[in-house]
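We have chain B; now place chain D onto it with these hints.
2 protein chains.
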Amino acid sequence: MRKIADSTVRRLSLYLRFLEEFEAHGDATASSAALAARGGTTSAQVRKDLSFFGSFGKRGLGYPVPDLIARLRAILGLNRRYRVIVVGAGKIGSALVQYHGFQERGYDFAALYDIDPKKVGKEWTGLVVRDVAHLERDLHRHPADIAAIVTPAEAAQGVADRVVKSGVSAILNFAPVQLVVPDAVAVKTVNLVLELETLSYALGTHA
Amino acid sequence: MRKIADSTVRRLSLYLRFLEEFEAHGDATASSAALAARGGTTSAQVRKDLSFFGSFGKRGLGYPVPDLIARLRAILGLNRRYRVIVVGAGKIGSALVQYHGFQERGYDFAALYDIDPKKVGKEWTGLVVRDVAHLERDLHRHPADIAAIVTPAEAAQGVADRVVKSGVSAILNFAPVQLVVPDAVAVKTVNLVLELETLSYALGTHA
Numbered sequence: 001m002r003k004i005a006d007s008t009v010r011r012l013s014l015y016l017r018f019l020e021e022f023e024a025h026g027d028a029t030a031s032s033a034a035l036a037a038r039g040g041t042t043s044a045q046v047r048k049d050l051s052f053f054g055s056f057g058k059r060g061l062g063y064p065v066p067d068l069i070a071r072l073r074a075i076l077g078l079n080r081r082y083r084v085i086v087v088g089a090g091k092i093g094s095a096l097v098q099y100h101g102f103q104e105r106g107y108d109f110a111a112l113y114d115i116d117p118k119k120v121g122k123e124w125t126g127l128v129v130r131d132v133a134h135l136e137r138d139l140h141r142h143p144a145d146i147a148a149i150v151t152p153a154e155a156a157q158g159v160a161d162r163v164v165k166s167g168v169s170a171i172l173n174f175a176p177v178q179l180v181v182p183d184a185v186a187v188k189t190v191n192l193v194l195e196l197e198t199l200s201y202a203l204g205t206h207a
Numbered sequence: 001m002r003k004i005a006d007s008t009v010r011r012l013s014l015y016l017r018f019l020e021e022f023e024a025h026g027d028a029t030a031s032s033a034a035l036a037a038r039g040g041t042t043s044a045q046v047r048k049d050l051s052f053f054g055s056f057g058k059r060g061l062g063y064p065v066p067d068l069i070a071r072l073r074a075i076l077g078l079n080r081r082y083r084v085i086v087v088g089a090g091k092i093g094s095a096l097v098q099y100h101g102f103q104e105r106g107y108d109f110a111a112l113y114d115i116d117p118k119k120v121g122k123e124w125t126g127l128v129v130r131d132v133a134h135l136e137r138d139l140h141r142h143p144a145d146i147a148a149i150v151t152p153a154e155a156a157q158g159v160a161d162r163v164v165k166s167g168v169s170a171i172l173n174f175a176p177v178q179l180v181v182p183d184a185v186a187v188k189t190v191n192l193v194l195e196l197e198t199l200s201y202a203l204g205t206h207a
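Taken in sequence, the protein lines are chains B and D.
To convert, note that position 144 of the first sequence is 144 in the working numbering; the numbers rise steadily by one, no gaps.
To convert, note that position 4 of the second sequence is 4 in the working numbering; the numbers rise steadily by one, no gaps.
Any given hint could turn out to be false.
Same chains, same names: a pair is fine if it fits in one copy or spans any two.
Simulated crosslink set (BS3-like; lysine-lysine; CA at most 25 Å straight-line) [to be verified]: (1) 48 to 118; (2) 165 to 118; (3) 188 to 165; (4) 91 to 188; (5) 122 to 91; (6) 91 to 118; (7) 48 to 122; (8) 119 to 91; (9) 188 to 122; (10) 165 to 122.
Quick caveat, the hints were computed from the structure, so don't treat them as lab data.
On a predicted model such as this, the values are computed, not experimentally measured, just so you know.
Pulled out of the complex, with its shape left as it was, chain B reads as follows (with noise of 0.2 Å):
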C-alpha cells in the first residue's frame, strides 16, 4: 500500500471514532455526508480519504458501517496490540499510562522509566518504575513497539538515540525538541506549548 499523508491517516481515525459512535446508535449504514457533518469537512472530502483503500459502499446507500469499521482498523493496524514504554515518571508520564483509552484501542504500557533515584521502585498504577539505565537490557528481552519520551528537553535525544538503537521504530515525544532519527523511524511530537502558540497567534489576528 502507498504510503498516505499524516493529515489523511488522522481523518481515518476520527472516522473511524464517529463509525463506532454511529453503530453504538445502532445505524447500519452511514453516508459521506452524515460522516463529514460529524467531522466539520466535506463530503467529497470524506469520499476522497475512503478511497484510498479501494471503493467502499455503494453510492446512494452509504457505507456499511461494521464493514467500514473492520476495514478502518485493519488499514490503521489497530488489529493487534502495540507495546508501549514510557521514559519520564512526571506528571504527562504519569497522566500517559493512567489514560484507559490507550488500552481500549490496543496499547500496553509494560514499563515506564525513569534517571532519579526518588522515582524508581515506586508504583505507579501497576507500573513500577524501572532505572533508565536498564532500558537496553529490558528491549533486548521485551521488545517494544513504540517509546513515549516524556523527559526534559535535554535529555530526550539522548533517550531517543537509545530507544532505537534498541529496536523501537515508534517514538510519541513530548519533550520540546526536534528529534534526530534514521528515515525508517516514525516520530510524532506532542508539544502543548507550541499549540497554544497557535492559538495566541489566532487571538492576535482576532484582535
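Quick look at chain D alone, frame taken from chain B:
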C-alpha cells in the same frame, strides 16, 4: 496581516525556540541553513516562512538573532500574558497547570474547575478547584483568553458552549471529540490516541 496557515505558525514557534537556543550560545546571527538544520526542514522553507512578515536579515549575513526573536514573539502574540482556565481537574488537567513551560511563555493558569464534589475545594499546585457551576459568573468577573477543556468526551461540547457564550475565543481541547464552535473561535484539539494511531499506521507500513 493576512492569516497564515497553522503549519507555518507552528514552524515559526519552532524557529523561535531554536533562535533562543542560538542566543543562549551567544550567536549574534543565524543563517536560514542553520535554522533549517535544527528543525529538519530546508533553507528555502525557512526563507519562505519568514518572508510572510516582510524582509528579515541580509543575504549572506544571516538573520540578526535578537531582532528576529523580538519579531517572532510579536508575530506569535507572545508580548503579553494570557489568562487560561482549565475545566476538568483530572490527571491531564493537573499535568497542565503544573507544567512550568507555560508560565515562562506567558500563559497563566487562573482557575481550575471540576464538577466532582470530591475535587471541588481541593488545592492543586496553588489553585483551589472551583465548582464548574461558577464558570459563567467567574468569567464575567475575570474574562479568560483561553479555556483548556480536559473533561470526558461527553461533557466537552457543553463546556465549550458555556465558555464561548462567556466570551472565551480560544479553546485547547483534550477531549476526544470534534467541538463545534462559531468561526470566530479558535480551537486546537490535542488527541493523544490519534497521535498513537498515526504511529501504529506507520509501524504497519514499515513492516
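Each hint, compared with the structure:
1. Taking the shortest Cα distances, residue 48 and residue 118 never come within 25 Å of each other, neither inside one copy (52 Å) nor across copies (48 Å).
2. Proximity of residue 165 to residue 118 under the C-alpha cut-off of 25 Å is found in neither arrangement, the shortest distances being 27 Å within a copy and 46 Å between copies.
3. Taking the closest pair of Cα atoms, residue 188 and residue 165 come within 25 Å of each other only inside a single copy of the chain (18 Å); across copies the shortest separation is 34 Å, beyond that limit.
4. In this homomeric assembly, residue 91 and residue 188 come within 25 Å of each other (Cα to Cα) both inside a single copy, at 19 Å, and across copies, at 21 Å.
5. Proximity of residue 122 to residue 91 under the C-alpha cut-off of 25 Å is found in both arrangements, the shortest distances being 14 Å within a copy and 18 Å between copies.
6. In this assembly of identical chains, residue 91 and residue 118 lie within 25 Å of each other by CA distance both inside one copy and across copies; the values are 15 Å within and 21 Å between.
7. Proximity of residue 48 to residue 122 under the C-alpha cut-off of 25 Å is found in neither arrangement, the shortest distances being 49 Å within a copy and 49 Å between copies.
8. Taking the shortest Cα distances, residue 119 and residue 91 sit within 25 Å of each other both inside one copy (12 Å) and across copies (18 Å).
9. For the homomeric pair residue 188 and residue 122, neither the shortest alpha-carbon distance inside one copy (28 Å) nor that between copies (35 Å) is at most 25 Å.
10. In the homo-oligomer, the alpha carbons of residue 165 and residue 122 never lie at most 25 Å apart, since the shortest distance is 27 Å inside one protomer and 44 Å across protomers.
This entry does not satisfy hints 1, 2, 7, 9, 10, going by the numbered hints stated previously.
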